[in-house]
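Start from the sequences and build out the full structure, keeping to the hints where you can.
Below, each chain spelled out in residue letters.
Number of protein chains: 2
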Amino acid sequence: MDNLTIALDAMSGDFGPRVVVPAAIQALNNYPTLSIFLVGCLTEINLFLPKENSKLITQYQQEGRLMLMESTSVIANDMKPSYAIRHSQGSSMRIALELVKDNKAQACVSAGNTGALMGLSKLLLHSLTGIDRPALVAIVPALNNQNTVVLDLGANAECDSDMLVQFAIMGEILAKTVLNIEYPRVALLNIGEEDIKGLDKIRAASAILKSNNQINYIGYLEGNELLTGKTDVLVCDGFVGNVTLKTVEGLIKIFMSSFKLSLGHHSLLLKLLSKWLQRKIAKNFGYLDPGRYNGACLLGLRSIVIKSHGSANQKSFYAAIEQAILAIQTNIPEKIAASLSSALPKSE
Amino acid sequence: MDNLTIALDAMSGDFGPRVVVPAAIQALNNYPTLSIFLVGCLTEINLFLPKENSKLITQYQQEGRLMLMESTSVIANDMKPSYAIRHSQGSSMRIALELVKDNKAQACVSAGNTGALMGLSKLLLHSLTGIDRPALVAIVPALNNQNTVVLDLGANAECDSDMLVQFAIMGEILAKTVLNIEYPRVALLNIGEEDIKGLDKIRAASAILKSNNQINYIGYLEGNELLTGKTDVLVCDGFVGNVTLKTVEGLIKIFMSSFKLSLGHHSLLLKLLSKWLQRKIAKNFGYLDPGRYNGACLLGLRSIVIKSHGSANQKSFYAAIEQAILAIQTNIPEKIAASLSSALPKSE
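Heads up: the protein sequence lines correspond to chains P and S, in order. For the first sequence, the positions run 0 to 347 when numbering that gives the first Met the number 0 is used. For the second sequence, the positions run 0 to 347 when numbering that gives the first Met the number 0 is used.
Because the hints were derived from the structure by calculation, they are not lab data. Take these hints with a grain of salt, some might be off.
Identical chains share a label here; the pair holds if one copy fits it or two copies do between them.
[Stated by the list, open to error] Below 27 Å or equal to it, Euclidean Cα-Cα: the simulated DSS-like pairs (lysine-lysine) are:
1. 79 to 209
2. 252 to 229
3. 121 to 200
4. 103 to 121
5. 175 to 334
6. 334 to 100
7. 50 to 314
8. 121 to 334
9. 209 to 175
Since we're looking at a predicted model, the values are computed, not measured.
Structural data, given as structure tokens:
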């Protein structure tokens with residue numbers, strides 16, 4: 000396996016280095032060819048480097064696998080993206096992205112402000128030709144061991160029909176190259192299956208996709224079909240995608256926890272039964288555990304940027320690092336770029 | 000209890016009289032003061048009047064509790080609302096609404112084309128003063144035996160900030176009068192909790208709600224908080240509301256069925272265990288069963304119109320009839336009208 004280098008915005012997310020630093024060490028332990036830049040306030044980063052592994056960490060640093068980069072500011076979550084970008088000089092997010100821009104790292108992972116990450120990524124790393132705005136994409140598990148590529152998950156709260164078409168095309172290429180599906184089914188998320196339903200922009204995108212014979216476009220799907228595996232690619236605007244995926248996550252959390260509570264622990268038999276059940280539930284529904292598929296790729300850039308949930312814990316942030324590794328190994332931006340020119344509608 | 004009279008669009012939904020007629024008889028059996036108009040193709044309606052109860056049905060007809068009204072057309076689900084309304088003369092949906100308009104019935108229930116039902120209801124029954132567009136509302140069960148008033152669920156795919164504010168005010172009055180909450184918490188569904196997040200129309204609605212000191216406005220909530228009971232009223236546009244609620248319904252269906260399948264029936268012990276579990280699941284999560292809360296009220300009209308799921312089965316359509324009964328008994332339109340004038344922002 001070739002060498003992998005990833006830049007982590009260590010100050011991002013609700014917990015900053017408290018989560019990012021141990022996840023980074025975990026990744027270094029598990030991936031022998033991985034190198035990591037940790038970008039942030041070095042005092043804080045050093046605080047969260049696990050003491051019990053200090054020998055190992057020194058070794059990683061001596062081998063050049065763990066590199067610490069000082070940043071002087073953090074982009075807050077409640078900053079307006081335009082303001083954040085104007086004042087991004089020296090911030091952990093910007094320095095991590097610059098490492099990718101300067102070819103020192105192959106991917107950047109951040110749990111920070113989505114709008115700022117999107118704007119700075121476009122500014123520093125540029126979109127692919129033909130893509131107006133990159134989209135956040137995740138591969139979401141569905142019934143019967145299937146997977147669905149879902150985008151946009153929140154990079155673009157407002158989208159027009161051209162953007163939806165571009166998302167469909169990028170999602171289709173992703174399903175081909177990462178999920179190895181020869182002719183991926185592509186659907187638009189809508190509030191009815193009939194042609195007349197929904198918003199103007201969705202109907203317009205539908206007409207364009209119908210006329211594109213390179214895309215296996217299957218029409219509209221509704222919310223209740225999200226996890227059924229009826230499509231390989233599901234396209235929606237970033238507002239709807241974000242609300243929908245968060246709704247799924249919330250419901251699974253409620254389900255997991257209320258089942259646990261309701262069983263209680265009244266007797267030894269019930270205790271054993273409850274344990275057995277929880278294993279069963281974890282086996283059956285663990286695949287829907289949001290932590291397992293944390294890390295949405297900012298698709299449509301010339302380089303790899305992974306957005307982690309702001310609320311990610313160590314396990315989830317580790318999953319986002321693994322998403323970055325997968326994206327590097329499958330060479331997503333190059334594959335999208337190569338297929339894009341033939342798939343995009345020709346402008347006159 | 001006073002007499003109740005409801006008009007049912009018997010030709011509506013995916014199954015028409017096959018579902019509506021038996022649900023109507025079930026309601027007549029259970030509510031002794033209820034009268035029902037069944038509007039549709041009489042040949043078809045007669046076909047689905049349960050044969051084994053023919054004596055009872057004749058009795059209901061003689062007592063004037065079951066009245067059959069012939070219609071000559073059906074508004075199809077894939078008809079454009081504007082076209083459907085222009086050609087609605089003699090349709091089952093229009094005749095059912097006209098019975099309400101003429102004070103022969105107190106409420107109408109239809110599982111038909113949402114856009115057409117909305118348009119015809121506005122045309123025939125009129126909106127309350129100050130309400131631009133009625134909204135589909137449902138009371139959705141949440142954690143800890145709480146309930147959340149959610150609107151709009153699909154009557155208005157596109158909304159501006161004024162409509163969102165009107166939805167918030169109507170939802171608040173509903174929570175007060177039906178859920179008996181003195182100061183209902185009101186939230187807007189958004190993709191982040193920070194002020195800067197989301198769409199312009201949501202931020203504008205938020206500013207208006209903040210300045211309205213009659214409303215206990217608590218800010219933004221995200222998708223993962225939908226069923227947690229963190230708010231009493233949750234407001235969103237009809238597109239997002241429809242996708243979100245359908246996502247919840249789909250997920251619960253997947254959960255119920257895949258649990259059943261995965262347990263299998265390998266031995267007597269497992270068989271017994273599986274039955275016990277399914278009872279447990281039904282008890283814990285049955286409250287989320289979409290069929291149980293079928294029937295969304297078209298809030299903001301001068302009369303009561305209930306929209307049932309198009310795919311409703313008998314049990315679900317019966318639930319929609321019960322929603323109509325509840326709306327009549329709690330006198331929703333009058334209560335909304337009475338509180339509306341003081342709650343709406345004053346226009347200069």
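Status of each hint after checking the structure:
{"no.": "1", "hint": "79 to 209", "in the structure": "between (37 Å within a copy, 20 Å between copies)"}
{"no.": "2", "hint": "252 to 229", "in the structure": "both (24 Å within a copy, 15 Å between copies)"}
{"no.": "3", "hint": "121 to 200", "in the structure": "both (24 Å within a copy, 26 Å between copies)"}
{"no.": "4", "hint": "103 to 121", "in the structure": "within (18 Å within a copy, 62 Å between copies)"}
{"no.": "5", "hint": "175 to 334", "in the structure": "within (10 Å within a copy, 56 Å between copies)"}
{"no.": "6", "hint": "334 to 100", "in the structure": "within (19 Å within a copy, 61 Å between copies)"}
{"no.": "7", "hint": "50 to 314", "in the structure": "within (19 Å within a copy, 61 Å between copies)"}
{"no.": "8", "hint": "121 to 334", "in the structure": "within (19 Å within a copy, 52 Å between copies)"}
{"no.": "9", "hint": "209 to 175", "in the structure": "within (19 Å within a copy, 48 Å between copies)"}
Violated hints for the displayed structure: none, as all numbered hints are satisfied.
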